[in-house]
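K.L.:
Could you build all of it, start to finish, from the sequences and the hints given here?
There are 6 protein chains.
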Amino acid sequence: VNKQVVTFGELMLRLEPPGFARLTQTNSLNMTFGGAEANVAVSLANYGNPCSYISKFPSNSLGTAAVNSLRQLGVDTGQVLWGGDRIGIYYTENGAAQRAPVVLYDRANSAIAQIKPGEINWSEIFHGKNWFHFTGITPALGEGPAAVTLEAVTTAKNMGLTVSCDFNYRSKLWSVEAAGPVMTELLNYVDVAIGIGEMEAEQILGFSVNDHGVGDCSSRFRALAETLLQKFKFSHVATTQRNGYSASDNGWSAMLYDGKDFYQSPEYNIHMVDRVGSGDAFCGSLLYALLQEYTPQKSIDFAAAASCLKHSIQGDYNHVTLAEVEALMAGDGSGRIRR
Amino acid sequence: VNKQVVTFGELMLRLEPPGFARLTQTNSLNMTFGGAEANVAVSLANYGNPCSYISKFPSNSLGTAAVNSLRQLGVDTGQVLWGGDRIGIYYTENGAAQRAPVVLYDRANSAIAQIKPGEINWSEIFHGKNWFHFTGITPALGEGPAAVTLEAVTTAKNMGLTVSCDFNYRSKLWSVEAAGPVMTELLNYVDVAIGIGEMEAEQILGFSVNDHGVGDCSSRFRALAETLLQKFKFSHVATTQRNGYSASDNGWSAMLYDGKDFYQSPEYNIHMVDRVGSGDAFCGSLLYALLQEYTPQKSIDFAAAASCLKHSIQGDYNHVTLAEVEALMAGDGSGRIRR
Amino acid sequence: VNKQVVTFGELMLRLEPPGFARLTQTNSLNMTFGGAEANVAVSLANYGNPCSYISKFPSNSLGTAAVNSLRQLGVDTGQVLWGGDRIGIYYTENGAAQRAPVVLYDRANSAIAQIKPGEINWSEIFHGKNWFHFTGITPALGEGPAAVTLEAVTTAKNMGLTVSCDFNYRSKLWSVEAAGPVMTELLNYVDVAIGIGEMEAEQILGFSVNDHGVGDCSSRFRALAETLLQKFKFSHVATTQRNGYSASDNGWSAMLYDGKDFYQSPEYNIHMVDRVGSGDAFCGSLLYALLQEYTPQKSIDFAAAASCLKHSIQGDYNHVTLAEVEALMAGDGSGRIRR
Amino acid sequence: VNKQVVTFGELMLRLEPPGFARLTQTNSLNMTFGGAEANVAVSLANYGNPCSYISKFPSNSLGTAAVNSLRQLGVDTGQVLWGGDRIGIYYTENGAAQRAPVVLYDRANSAIAQIKPGEINWSEIFHGKNWFHFTGITPALGEGPAAVTLEAVTTAKNMGLTVSCDFNYRSKLWSVEAAGPVMTELLNYVDVAIGIGEMEAEQILGFSVNDHGVGDCSSRFRALAETLLQKFKFSHVATTQRNGYSASDNGWSAMLYDGKDFYQSPEYNIHMVDRVGSGDAFCGSLLYALLQEYTPQKSIDFAAAASCLKHSIQGDYNHVTLAEVEALMAGDGSGRIRR
Amino acid sequence: VNKQVVTFGELMLRLEPPGFARLTQTNSLNMTFGGAEANVAVSLANYGNPCSYISKFPSNSLGTAAVNSLRQLGVDTGQVLWGGDRIGIYYTENGAAQRAPVVLYDRANSAIAQIKPGEINWSEIFHGKNWFHFTGITPALGEGPAAVTLEAVTTAKNMGLTVSCDFNYRSKLWSVEAAGPVMTELLNYVDVAIGIGEMEAEQILGFSVNDHGVGDCSSRFRALAETLLQKFKFSHVATTQRNGYSASDNGWSAMLYDGKDFYQSPEYNIHMVDRVGSGDAFCGSLLYALLQEYTPQKSIDFAAAASCLKHSIQGDYNHVTLAEVEALMAGDGSGRIRR
Amino acid sequence: VNKQVVTFGELMLRLEPPGFARLTQTNSLNMTFGGAEANVAVSLANYGNPCSYISKFPSNSLGTAAVNSLRQLGVDTGQVLWGGDRIGIYYTENGAAQRAPVVLYDRANSAIAQIKPGEINWSEIFHGKNWFHFTGITPALGEGPAAVTLEAVTTAKNMGLTVSCDFNYRSKLWSVEAAGPVMTELLNYVDVAIGIGEMEAEQILGFSVNDHGVGDCSSRFRALAETLLQKFKFSHVATTQRNGYSASDNGWSAMLYDGKDFYQSPEYNIHMVDRVGSGDAFCGSLLYALLQEYTPQKSIDFAAAASCLKHSIQGDYNHVTLAEVEALMAGDGSGRIRR
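Residue numbers (the numbering used here), protein chains in the order written: chain A, 1 to 339; chain B, 340 to 678; chain C, 679 to 1017; chain D, 1018 to 1356; chain E, 1357 to 1695; chain F, 1696 to 2034.
Honestly, I wouldn't trust all of these hints.
[To be verified] Away from chain F, derived, C-beta distances all over 12 angstroms, residues of chain D:
#1 Glu1033
#2 Leu1167
#3 Ala1218
[Unchecked claim] Derived lysine to aspartate or glutamate pairs resembling EDC-like cross-links, with alpha carbons at most 20 angstroms apart:
#4 D:Lys1133 with D:Glu1202
#5 D:Lys1020 with D:Asp1093
#6 D:Lys1020 with D:Glu1310
#7 A:Lys172 with F:Glu1819
#8 E:Lys1359 with E:Asp1547
#9 B:Lys511 with A:Asp85
#10 C:Lys807 with C:Glu829
#11 B:Lys511 with B:Glu541
#12 B:Lys511 with C:Glu1002
#13 F:Lys1824 with F:Glu1846
#14 B:Lys570 with B:Glu606
#15 C:Lys850 with D:Glu1341
#16 E:Lys1528 with A:Asp249
#17 E:Lys1587 with E:Asp1630
#18 F:Lys1867 with D:Glu1160
#19 D:Lys1189 with F:Asp1780
#20 E:Lys1528 with C:Glu829
#21 D:Lys1133 with D:Glu1160
#22 F:Lys1698 with F:Asp2027
#23 C:Lys850 with C:Asp894
#24 F:Lys1867 with E:Glu1680
#25 A:Lys172 with B:Asp424
#26 C:Lys850 with E:Asp1617
#27 D:Lys1189 with B:Glu663
Since the hints were derived computationally from the structure, they do not count as laboratory data. None of these values were measured; they are calculated from a predicted model. Ideal placement from N, C-alpha and C gives every residue a C-beta, glycine not left out.
P.N.:
Shown next, in the form of structure tokens:
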């Protein structure tokens, strides 16, 4: 049977010029929604695993449209809070060739950024649930969200849920100095840690990583993971590896450490449609694999293949089918027509 | 020769679903810009009268796109300020039949709302200029904008500019109690007062209007104008009159009082394309007429015909030609093809 | 507290050229979904009343997209069946002036049309529910759907649910001769009967209506309702009245008989955006009113105002807010901007 | 059996901003094709009457696209000439309310405007054909087109074809002085004369029309028709009557004189989609009616109803079905959905 | 002189989300038409070779639009049949990177699938024609289409036409067991056989292919062709070779055997726009080359270059010019601007 | 401080099917504006360097829209001339893979092509300006434009401006024989010469280039530059080098000779969005670099990186930011998201 997941964070309005146009060239914007934790929820619901999303939305038609975008894909939004002033926005421009994609945030003072401790009844929300997922973006939104995230992880742990975290450090939201103690405290409650690289370990979490930058990326990942486990009680450490040849072409692979062994996925060469949300598709797919109790190797292969395919999907949300992921895991990346 | 006009206020990003879709139904938004004072500037530039626009924009591609939208139509933006956090946004939904159009604001904390006294060098800006126009929206944005508006009108008056104001009370931005003293002080410097109705006079400015609601609209407008002139030194008082039969069909006319006589335009029956910005087109066209030193009757007829035609134009900005206004003033509303 | 409603029928893919283009003029089609019973479910969910939708969908991405369109708007689709060959389609062309809108069906052999008795576990579905709504379209889809509809109404009645029916005779699906016995049997289980006109009563149900076509429409509706109650045990009889001045402009009103008194709504003159689904918005809104235990007059006024407003909405689904309906009921059809 | 029609003239690229946008507001243009004579050909082919179109097109992809647009709708283009420098263009802006639609021509130096006498083998083209239709636009394109038109009408007459002409005076192409002798000579060969009004008769053809402007439009049309028949040998004289209430709403009717009696259609009140090409739809539909040997009353009713419906169609080309015309002739302009 | 070709099959409505969107992500669909045999007809007409298309279409606006799409490009549709219930549909999703394109069929019960023997007068159709082309899709549509295809090939052979067949086995339409005897019988009448690979030869046609899968693709193709010629009287055997590196990038080449010698085209590396219909562009271009009596090497080079270029064209239909094909055959694939 | 630049030439309406569609496949066209000299002006204004554009535009809404497109991006258009018959047009089709992009001109008889000597007051225009830029396209438009260009360069030289020229030979506008003497005379006044290759030097300018085609492209460029300096007094000679692997992928680099040394940029491998205008972006960026007094190596690196990035921008106009150019010059072409 599936296990019930809860995610918590900010869902933003995503506005984007069509094609390769810049914001100074367009008179229309594609309108979708996205946010790291909601994207994870969509990935799980997309594969058929029940998932609830917790956030706070303004009581207007944009808040409704945001929630509708999740309901449409099967995410349970029955417990979101309503209130606050506005929905956060992010604008994107598609990159191409040597021109990088651009993300422009207008998220200050959003409903969720203004949340206060005590507003969310975590005990009620976690009742009957198995897993809680958050990211490092939510505590960066402000003191309120940071405190509420801490409420969430402590309650989750007390109630026996597995807790996962995608580190996702965002320098525009807070400094490494501000992030350090907050993230360190939160990570004490985390079982599955995703996306902690050498920079994050050293500059934010204060580790001294041996031979930083020496060796190939897999041996360095293993060293880093072992270092992290000296302090934290992670059951799993995972990350992705992107090689940016250009905005149009990337290499992509992933690695997992389960405290005993190290597992690495194949590397995929990807011709880009939309890279935003690919890391979240990786998280959501890894959670799905772990909930399905796949072997570690199959888990990291599943998450890597799924997130590889996500690069071919427009928008934050993962619309890749299980069958497509399994076909790619089985080696078929030939792009033959599926009639 | 043309006379140089300066306007000052907030230019917002305007986002709107195509056709008659609601925000909960769309996956794209038409992207334009609009704001009461900028719309007035565009009207003037559109007719060939030089006009400068003063505001503050964030230093990002949305701020650039906003300024570009004015430069494109010939408005001088060479003295705008750059800085602040964000550009204000408003979302609109087209109305139809009995369903009213909707405007949803997300304008708090915009760059211009955060402006502080002293940031704008009004003496330099007004050098060589003849006319300053503002609206009641700008002082409603906050204490900073209110103070800067007061700087503007006092400097303008000192430097001999004509000052015009479109009252534009917005209940979502401030209460009648808050608006009262601020607007009263500003109106002391105003020559041309537009858009003060019985509600505004009584509830905000504290007048006692004789026989409120009694008589036809023209006699009531005359009574109101005479009352206002007991306190303020307006050279002209003008207003428009909208009869809302439905969201699709409106009646539209305008009235002018020049301290001596009362002038009324024909009433137009309008099948609606976009009513947002029509009042601003009226203001801009009235300013143009007064700058051209049209007779009072021709002035109000010009402004009424131009703003009637604006209802057939998509977006905030007035794209109606002088020739089209003149044809309608001459009585041709038949819609014959202009080949 | 809200009462739980269940609807059952066919949800079709709706494909439509943009604007006023014909199918022979376009190279793109707007893609939405619609169906009489699903439209009723959306109306209820839109107002916040829980509603489940029961149907059968093919296990492909079009079936998923159809179900998603309902989930998005809060309709519970957790008990739909999956299987069958295809989703039904209908093509529409917008009408204008003297040119009528066109609906072209391609719905034969859809998954729901191929359903067989016993496939749906009505006892389980109706557990804890209060109301069942169906239309005369579903039994017209074939013997299987007719039999399943009969299963539904008999089970519903046995379990104490209120049953409502929108008659919706479709001559392209079956003859009056075929429809007669099927509809007569189904109507025996109906409490709230909607959309039975003189034609349906005489030609399908075999009544002899006194003075058919004599008198004004309200006295004729009363006579018809009284006639129907001689045979059926309807608690309520309701209908709408459309006056087609052209494809662009219609008159619209509604009438209700509660077995004792006759209630009539105001008539609205409507400038058209999309008339498809307006009758369903009437049904859904009437059900909402009855579930809210509004007075009969308020009920018919609510349903008439809501369905009037639906004519301004693109697509089958009702996106009109409660506040908008209440404003129109209170007399405001002026189309003033809601800022 | 159908009778074969030949039309001759200029087909232009038609470029138009979407919706109600102006050319200064858009970044895309809808691309269709249109021209008075081609529009007539499309009307005939649309009803199933064989029709050939003769013109000259540049040998590039725009010329091909233009010809394809006619082939698509069943017009025979097998005898068009290829060569010359460019295709003529016209830009349109949709009008609304008091704002008139705009047509902006860029047609000078088109392939057909540069045609020379002798380039077209009219004897071969008219072989086996029954009817030739031209308009007053073609001879206005230049001396070459005027001479080729004269070749066409003299050859047509010699070979026994019926000849029809839509007068279509365009002041931007030539003066009344220039048009006078050319049109007078051409009209000597015409059987069915369409669109000659009092202005054309007096100022271009040099008639003295009794009581110009006196009486209702039908008595004036009769007087005009009788005057024309004193000089020309027209078998039929026909015209349309447009009452421009605004760009959004028009009155529309038509009149026919067959040398003996006068026939008038009903007047239609039309809510506008696109009026360009409506006169051509009238011509094409009148030709169809005469070829079908309808009675005069039915002929003018058919042509009036068809061209009324054309106002609801986007683009120059008539996409109205015979069944729709017949339904409107039978009195159904209610806009009921055709399911 | 050109030689007249006839093709016969099913033309479907093709519906496709814009860009890289999935069917679950879109609210509009691009609308075109396509079908293997119609695509071949379009290729021939596109190069200027007369071609007739035979099929059956429903008498509604979709049937008309389908036929119009062929008329537009110069295909003769004067002898298509009208009737039946519906037009077949196929939905596509664009692939990208490792995500394969998807084709979803909804073609059962189409007008052509319901055709019965005797409905088409092949003798009349083939009168004056030189070549008949069909594919293995048509007999797979059902017993009626299979029987009508057999009528076609026997009549064609009797009347001296060359017959070509693109094998096109579709496993969703019939099993290899069902296909075997039908295709074997039809191939007895075929001169030019395209698209028979080792799988088709062994599993459907029952050949034992020596050393299946051994050797390079050209030596294996020669072995296969020689094997086929032991049983069938093919004058030419041809096939294409696709190497699927991903959905975005493919290798593409082609081979021809004329009973004596083996000819191979260059291989092209293709960055994909739309691969659907490329095989049909190969067929149509090969037929054109053979009708032009190009040498075998030039024929296979022409067909390979043309179908390579088709991958850069949106939609099923080939819009590549002869000049473009010849430029690529001459070695210019540099993509220099053609000004 | 920035130095004021003047450019002079033709700005055309650019019409382009969306995506990869051909002109025979589309029913809408993207509408932008472009022209070699205007594109240079936009590049300069885009980087913040003041630039005036001189041309002549028809007094209609297309002329206005063209000028607006430049004003929008900060180009000074205050001195353009108004008059003439039409605006020139060019149609483009996007290329892909082996299919080359297409440019189809319809520019004859444009307002600027009809300009006569004496119409432009160059002394007034050049007052206070530092640099004049033209291209070889303008003198090719006709005798009038050629004479006016000569007026410009002689006046510019007399007034002490630096003069730059992009050679831009267009064979569709004039022959090498016609271009020879005109370009030779103009080049006598040029300081910075761009885009003269071996073909131009030999066939148009009549040089004998040693070892034409021998050696690598950099040694050949040096040889060519030295040869040119034997006759002309160029301070700088620059060119770009494009390697066309396909329409989708190009190599791109640039070279500069300052009379003493030779400088070469890195080569970029570019995945294409839109290559039209890239050469103009190179010119504009090189002018900017020289005006900023960058070193020669930095100048050519800046111009090469900027024009590389322009390939990722839709439309003629350069929308690349200084920060993006500098990041690429610093080696970051990885396409990492700029958040």
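K.L.:
So which of the earlier hints does this model not fit?
P.N.:
Result: hints 1, 7, 14, 16, 17, 18, 20, 22, 23, 26 break, sorted rising.
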